[in-house]
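Engineer: Protein sequences, first through last, are from chains A and B.
Note that numbering that gives the first Met the number 0 numbers the first sequence so that position 232 is 231, with each residue one more than the last.
Note that numbering that gives the first Met the number 0 numbers the second sequence so that position 82 is 81, with each residue one more than the last.
Do not rely on the hints blindly, as some may be mistaken.
[What the hints assert, rightly or not] Derived DMTMM-like pairs (lysine to aspartate or glutamate); straight-line CA-CA distance at most 20 Å:
no. : chain 1 : residue 1 : chain 2 : residue 2
1   : B       : 139       : B       : 177
2   : A       : 59        : B       : 177
3   : B       : 97        : B       : 280
4   : B       : 282       : A       : 251
5   : B       : 346       : B       : 211
6   : A       : 59        : B       : 211
7   : B       : 348       : B       : 263
8   : B       : 6         : A       : 63
9   : A       : 62        : B       : 281
10  : A       : 62        : A       : 179
11  : B       : 271       : A       : 63
12  : B       : 346       : B       : 281
13  : B       : 166       : B       : 263
14  : B       : 282       : A       : 234
15  : A       : 137       : B       : 177
16  : B       : 139       : B       : 86
17  : A       : 62        : B       : 304
Note that these hints are calculated values from the structure, not bench results.
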Amino acid sequence: MKENQPNSLLKAVAPQKRNGSAALLLPAGVVVALFLLWWAVSYFNLFPAYSLPSPLAVAKSFKEEFTAGRMVNDIIASLWRVVVGFVLSAVLGIPLGLWLGQHLAGRQAFVPVLNFFRFLSPLAWIPFAILWFHIGDKPAIFLIFMATFFPLVLATMSAVSTIPKIYFRVAKDYHYKGSELLNKVTLPAVLPQVITALRVSYGIAWVVIVAAEMVGCQDGLGYGIWEARNGLRLDSAVCYMIIIGVLGMAMDRLLAQLSKLPNVRWGYER
Amino acid sequence: MKLTIAKLIAGIVVIITTLGLLRYQPWKTDGPADARDIIHEGANKKAERSLTVGYLPVTCHLTCPVTDFASKTTRSSTNFNSRVFTDFPTVVSALQAKQVQATFMIVPLAMKLREQGVPVKICYLGHRDGSEIVVAKNSKVRSLTDLKGKTVAIPSPYSNQHFVMNKLMGDYGMQPGDINFVILPPPDMPTSLASGAIDGYFVGEPFCAKAELDGTGRVLYYARDIWPNFISCALVVHEDLIKENREVVADLVRGIAQSGAWAETHRAEAAKLAAPYYRQDEKVLNFVLTSNPRRVSYVQLTPTDIDLQRIQDIGLQMGLLKKKIPMSELIDRDFVPPVITPAPIDKSKIPEPVRK
């Protein structure tokens with residue numbers, strides 16, 4: 000990227016770069032402080048052990064889960080379900096949203112239904128997920144799809160419908176049509192919002208995994224939490240919670256990289 | 000590195016392919032998920048038939064993993080795979096979708112399913128007793144009447160615990176609304192009691208023992224004191240399986256019966272065997288099975304008309320069950336073997352626990 004190119008995204012990033020050490024030290028400090036608080040609460044027995052496992056107990060169960068090989072298998076299983084469900088809903092949802100955004104009649108016809116399904120909690124779909132998709136990966140993928148598809152369609156649609164009309168009038172003067180119109184005008188204009196929507200709905204997918212893996216799964220991070228509860232092992236539940244949070248953060252960092260796509264920079268400059 | 004659409008798509012494809020490969024491990028012939036279910040590999044891995052049996056990690060379903068273990072370490076013509084569930088509604092859905100055709104289940108729920116037209120039969124029982132009413136250790140509650148106006152947790156409206164409580168309240172001259180019942184997942188009951196959110200609970204083991212071992216609860220009543228030969232769960236089999244494959248069902252009921260007879264006399268070993276299946280602390284299971292013979296028993300598990308009729312009558316009276324179903328439709332005793340010998344389980348084959 001050329002240095003003299005004006006770019007609002009770069010401007011926003013630049014100050015952070017200047018004090019890069021603070022950007023690392025500050026969050027690390029908060030994490031350490033939280034950990035110390037946790038340690039102190041359990042060390043001084045402010046809560047009884049059954050209501051808050053101690054850091055030591057959690058560290059022990061971390062070791063146990065990893066040496067048994069269960070944790071790695073659970074991580075792969077959950078990542079697989081989330082990624083497949085999420086990619087499915089992105090591949091189907093974003094094109095549908097783009098189309099709806101450009102067709103008023105389509106919007107009028109479908110928006111009420113899309114809104115209706117958006118408000119149904121994935122938990123409500125659990126019995127149907129088992130009846131239709133039986134047991135294993137499929138019902139979990141279905142639940143993640145149901146949780147992310149509708150918000151994604153609606154967000155993409157509303158992003159498209161807010162593109163200023165003048166863009167399309169200019170595009171018409173240039174005789175842009177079909178894929179050219181999509182690639183040169185529509186996509187660049189909406190991608191920033193779509194990427195935000197992707198990040199938000201990915202967050203939903205990751206949250207839903209605990210509920211989704213209640214569905215007769217035999218492995219996965221969410222299942223690990225259910226099993227820890229059944230096995231009366233809160234320490235093990237906490238170690239699964241930590242893994243879920245850390246992996247969620249890491250995946251979000253990856254998705255944030257999407258804003259570096261060449262077409263997106265154009266969208267940020269509006 | 001500059002990110003382009005082409006690179007993005009390539010990246011997504013690579014991620015999905017890698018995850019898919021790691022997930023299904025096509026280079027392994029038996030698959031990772033199944034391999035994990037089978038904890039023990041015995042001499043008889045090559046049984047001609049196999050059947051998946053559902054259970055929850057409660058001691059009422061203990062014979063399920065024991066049968067699983069026995070079918071893999073002894074000679075039997077059917078290989079049983081126990082499949083753990085975390086709650087009963089999921090078990091019901093799985094049974095309706097015929098994903099499992101045999102499972103352990105609370106008895107009134109099986110009656111409800113039958114009432115709703117799901118063709119299931121009760122072929123055997125899980126265990127006798129095995130449930131307790133637990134109250135906080137230092138609470139003043141000494142009898143059922145002291146629980147008037149208090150909150151008591153039960154695992155499901157269609158649990159026999161709920162039914163028996165209602166019967167008992169009638170016996171004590173209490174009104175149906177005198178105790179405030181709440182439905183809680185069993186694992187949350189000991190902690191809810193300790194935090195004071197509830198005043199007591201009535202549920203199957205090991206969730207009663209947990210409160211006792213933690214020093215937060217004490218047993219108010221053993222199930223057998225208020226209802227001799229208390230029944231909580233039963234082995235429920237889909238009629239289609241009974242019609243299609245009688246030999247498998249016969250093997251199953253025999254296996255469960257023999258496992259029960261073995262567990263009754265080998266209690267410490269049973270706790271050790273089940274702990275990895277349940278992923279529970281062996282100590283808790285051991286306490287349930289060995290501390291007091293009043294807690295659980297794994298004999299006399301043939302379902303009788305009198306026992307189940309009593310449960311059904313209470314359900315009808317409470318309005319939770321709507322239709323009187325003849326016991327002949329509900330129970331199938333054809334598969335119970337005339338003589339029940341303990342399962343020939345080799346103690347030395349039970350794996351040592353990973354953690355002490």
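Engineer: Could you run down the list of hints and mark each one as holding or not?
Structural biologist: Hint-by-hint comparison with the structure:
no., hint, in the structure
1, B:139 <-> B:177, "17 Å, holds"
2, A:59 <-> B:177, "45 Å, violated"
3, B:97 <-> B:280, "32 Å, violated"
4, B:282 <-> A:251, "41 Å, violated"
5, B:346 <-> B:211, "29 Å, violated"
6, A:59 <-> B:211, "24 Å, violated"
7, B:348 <-> B:263, "19 Å, holds"
8, B:6 <-> A:63, "39 Å, violated"
9, A:62 <-> B:281, "19 Å, holds"
10, A:62 <-> A:179, "54 Å, violated"
11, B:271 <-> A:63, "18 Å, holds"
12, B:346 <-> B:281, "16 Å, holds"
13, B:166 <-> B:263, "29 Å, violated"
14, B:282 <-> A:234, "17 Å, holds"
15, A:137 <-> B:177, "45 Å, violated"
16, B:139 <-> B:86, "32 Å, violated"
17, A:62 <-> B:304, "51 Å, violated"
Of the numbered hints stated above, those contradicted by the structure are hints 2, 3, 4, 5, 6, 8, 10, 13, 15, 16, 17, listed in ascending order.
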